[in-house]
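One-letter residues, chain by chain:
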Amino acid sequence: MKQVMEFEKPIVNLKEKIAELKNFTKDSEIDLTEEINTLEKRLSVLEDDIYGNLKPWQRVQMARHQDRPTTLEYIEKLFSNFIEFHGDRLFGDDEAIVAGIAYYKDRPVTVIGHQRGKDTKENIRRNFGMPHPEGYRKALRHMKQAEKFNRPVICFIDTKGAYPGKAAEERGQSEAIARNLMEMAGLKVPIICIVIGEGGSGGALALGVGDHIHMLENSTYSVISPEGAAALLWKDSGLAQKAAETMKITSYDLKQLGVIDNIIPEPKGGAHRDVDQQAVYMDHIIEESLRVLKDHTPEELLEKRWEKYKQIGDFATL
Amino acid sequence: MMPSGVEKGGVTLLKDLFGKRKKYATIPNHQAKTDVPEGLMQKCDGCHKIFYRKEMKKNLNVCPNCGHHHTLLAWDRIECLFNMDSFEEWDKDLITSNPLQFPGYEEKMEQDRLKTGLNEGIITGKGFIEDQAVAVAVMDSSFRMGSMGSVIGEKIARAIENAREQSLPFIIFTASGGARMQEGVLSLMQMTKTSIAIKRFSDAGGLMISVMTHPTTGGVSASFASLGDYNFAEPGALIGFAGRRIIEQTIREKLPDDFQTAEFQLKHGQLDKVVHRHEMKALFTTLLDMHKEGGEIS
Ligand SMILES: [Zn+2]
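For the record, the sequence lines run as chains A and B.
Quick note: the first sequence, position 218, residue 218 per our numbering, numbers continuous.
Take any residue in the second sequence, note its place counting from 1, add 318, and you have its number in our numbering.
For reference, chain B alone in the conformation it holds in the complex:
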């Protein structure tokens, strides 16, 4: 829908103001965020309309005009779902040991720690959705693109083990480009570690809900992200195993625009449901309630 003429004029004006920045419109969202001072405007990645940042944030980073789901940082995600007074974070102080002695890795990690205020690209813990306690893991794509190394694998496995021991449902939000190159095969092995933890949890009767957010690809997509009892995704999220460019090079064919979107995965039977961010909490509440009987861990 086109907005009214007045608004349109306003937008044009702002576009002119931001004219110099236009060619950088494709820089990742989190970077744009740190570039623009607090309280300024934000351009939608979907419809390119400009909004007050506060307005966008209040709308959980979903564009009020076109519904495009922008990145939600891990803490923002947790805040919009959980009662923060009772949120208990787990294993906050785990950091990489640079197991392969990869040159430059520790410096990069330090940069991202400063940039994001996180120690790794994931937050795990226990919280309450309404009155239901759950174990949760939320990945943050602004930290090393959410890539999975030993710490992320360990934190997820521990969170699942805690969920098993404390008889809690487990909810995970994935956002990851896949394996962390700097940890090589150890990164690959986190796929196994997390999958075994899920198997143990599942065999004990635990309920796991996976929500794939943009992007969920590679080794994360091919392990825990796909192993929920219910697998959901946010609208428009990129979800897949291999990268688009690699596939195009391999099959020498141009892929359709919607390839590997959440909607594409839904159409191909790979997801239970695509869920709008605004409806997430209500869905969780209902699902958790429906699994109260028979879903408890034996």
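Same shape as in the complex, but just chain A:
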């Protein structure tokens, strides 16, 4: 049973009613086909109405949904022979980030992503997908290896942010993130980034510098969580809903701001309702991105990467 969000309750209730009627018809002589058809039509309208017009705050709830598919689930659907490799060779292995190599179709690729847990136990092991410096350094180690063996890099972004902890600061959280930004800027192989859940600030960005940046429709990408923004801006974290709107954090906002290349559609009701279908949508875009990027020389790739980021941001002249 999937966790139901407040705004989708009318849909779920109607679905239950339809199921009830269908069940009833099975064991009874009364024909309810007409009633069922009417309700199904109404359901379709209701779904389009609710899921087709999600408010920013509702997308935040989607992005954070406990059943939302994680990096490892997408890896399983999209790639074959994934082998995970551990450790940063400096301090430890941060399980908030997974990294390894796999085949995409016939082609070896390096895959890296934030990894949340889906239950408390796994979340503790994965530190709720919030990396320490060693996570970013592990990711960087894999990127450099990808460069050496001329493999494209595919990153999945799904984190509330880099972990705000004492040890993380002591081991150089800032430096680890900064280093990744700089090294990804100069990596001589294609990098494709896909935001699959929450893209939280610098902790997301440290896996997020690439040639093509895509977002799942109901994912978010922001400089701070809506709660954090509300607390900072209006001294009231209860205004998170307002902050979600003002801060422009949805895939549609980011596309409009020129920060991302493509919005990857989600199945009706969100990625968690049909992971297979979601993977198909993602597959199309990965294939297209790799096709476009494979013909670039490393020099062209880096020049285009710079051109891409150079124009992000907006300003005026006095």
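One thing to keep in mind: the hints can contain errors.
[To be verified] A short, non-exhaustive set of chain B residues, derived as facing chain A with CB atoms under 10 angstroms:
1) Met374
2) Leu378
3) Leu412
4) Thr414
5) Ser415
6) Gln429
7) Ala475
8) Val503
9) Ala540
10) Gly558
[What the hints assert, rightly or not] Listed next, the in silico BS3-like pairs over lysine-lysine satisfying Cα-Cα at most 25 angstroms (straight line):
11) A/Lys235 - A/Lys55
12) A/Lys310 - B/Lys444
13) A/Lys294 - A/Lys310
14) A/Lys55 - A/Lys15
15) A/Lys148 - A/Lys188
16) A/Lys188 - A/Lys304
17) A/Lys22 - A/Lys41
18) A/Lys255 - A/Lys308
19) B/Lys410 - A/Lys310
20) A/Lys15 - A/Lys26
21) A/Lys55 - A/Lys310
22) A/Lys268 - A/Lys255
23) B/Lys426 - B/Lys375
24) B/Lys426 - A/Lys242
25) B/Lys572 - A/Lys235
26) A/Lys15 - A/Lys2
27) B/Lys591 - A/Lys166
28) A/Lys2 - A/Lys118
29) B/Lys426 - A/Lys235
30) A/Lys166 - A/Lys121
31) A/Lys304 - A/Lys294
32) A/Lys166 - B/Lys572
33) A/Lys242 - A/Lys255
34) A/Lys166 - B/Lys585
35) B/Lys599 - B/Lys372
36) B/Lys585 - B/Lys599
37) A/Lys235 - B/Lys433
Derived by calculation from the structure, the hints in this document are not laboratory data.
All C-beta atoms, glycine included, are put in the ideal place defined by N, C-alpha and C.
Got chain A; can you put chain B with the ligand on it based on the hints?
Just chain B with the ligand now, kept in the frame of chain A:
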């Protein structure tokens, strides 16, 4: 060291004079500055002793008693390092366009423009330290707490590109609370923009020196501030990624007093050196000289 009895008496007297203000001693330095008329006294944030403002300023805002480094505004910083006759400012007229149409943002910017005389929380340009030309960027924490939006990212990226094209070393003084909330994700993306510019500059052989001043946190700390060939900091500067309060709430533990100070970062291997403000220019001169051979941009 305790000063002599006479001075002590004098200080007590001044303390009495300022008695009413005492409870506001923690207001930010720049605000205190505008509150107190020119020529009056200034209380040290470190030892709380009171000094003539002129005396403090002459000492580059370093306390003559305890060595506490107070905020140095961007122009003051530039004046103490560069020959001002030949200083050339870049991109002075870039201002925010309020890209997210954030309510109230433009009014706040206008207030800070009037307050500081700056158009943004950063000055970039080209100047000479002794006879060595350098590209420089100096952040100013009195302007919106030095928070980084599109203009700051753009000005830094352009300064670095200029440095690359003109074969100049690049020096940056950071002072920033991090991202500018009112520009949302565009502010975040300035971390990337500046980091790519640094990568291009570095690959071309350019020398970059970063000096983190109080405070250097969040997205600024996690991008260009940490990407110098040499990363320095001023004594006592607050440097870190996450805020102290957020960390304390997360780990449910009280953090030590020296947490995230320059000295703490030095101890943990995150800095090359903590440099006293008075020694900064001499260090730059030596470093620039040492990189004359082999440090030029190809
Ligand atoms: Zn003092």
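Pair hint outcome, A/Lys235 versus A/Lys55 [Cα-Cα no greater than 25 angstroms] | 23 angstroms, holds
Is the Cα-Cα distance between B/Lys599 and B/Lys372 25 angstroms or less?
-> Holds, at roughly 21 angstroms.
Is the hint on B/Thr414 kept, meaning its closest Cβ partner in chain A is under 10 angstroms away?
-> 6 angstroms, holds
Do the alpha carbons of A/Lys15 and A/Lys26 lie within 25 angstroms of each other, as the hint requires?
-> Distance of about 17 angstroms is within 25 angstroms: holds.
Keeping to a limit of 25 angstroms between CA atoms, is the pair of B/Lys426 and B/Lys375 held or broken?
-> The hint is violated at about 28 angstroms.
Using 10 angstroms as the Cβ threshold, decide whether B/Ala540 counts as touching chain A.
-> At 4 angstroms from the nearest chain A Cβ, B/Ala540 passes the 10 angstroms test, so the hint holds.
Within a Cα-Cα threshold of 25 angstroms, do A/Lys166 and B/Lys572 meet the stated pairing?
-> 10 angstroms, holds
Evaluation of the interface hint that places B/Leu378 against chain A, nearest CB under 10 angstroms = 26 angstroms, violated
Would the pair A/Lys55 and A/Lys15 pass a check requiring their Cα atoms to be no farther apart than 25 angstroms?
-> 22 angstroms, holds
Would the stated hint for B/Val503 survive a check requiring a Cβ distance to chain A of less than 10 angstroms?
-> Result: holds, 6 angstroms to nearest chain A Cβ.
Are B/Lys426 and A/Lys242 close enough, with their CA atoms no more than 25 angstroms apart?
-> Measuring from Cα to Cα gives roughly 20 angstroms; hence the hint holds.
Holds or violated: are the alpha carbons of A/Lys22 and A/Lys41 at most 25 angstroms from each other?
-> 15 angstroms, holds
The structure does not agree with the numbered hints 1, 2, 6, 21 and 23 stated previously, though it agrees with the rest.
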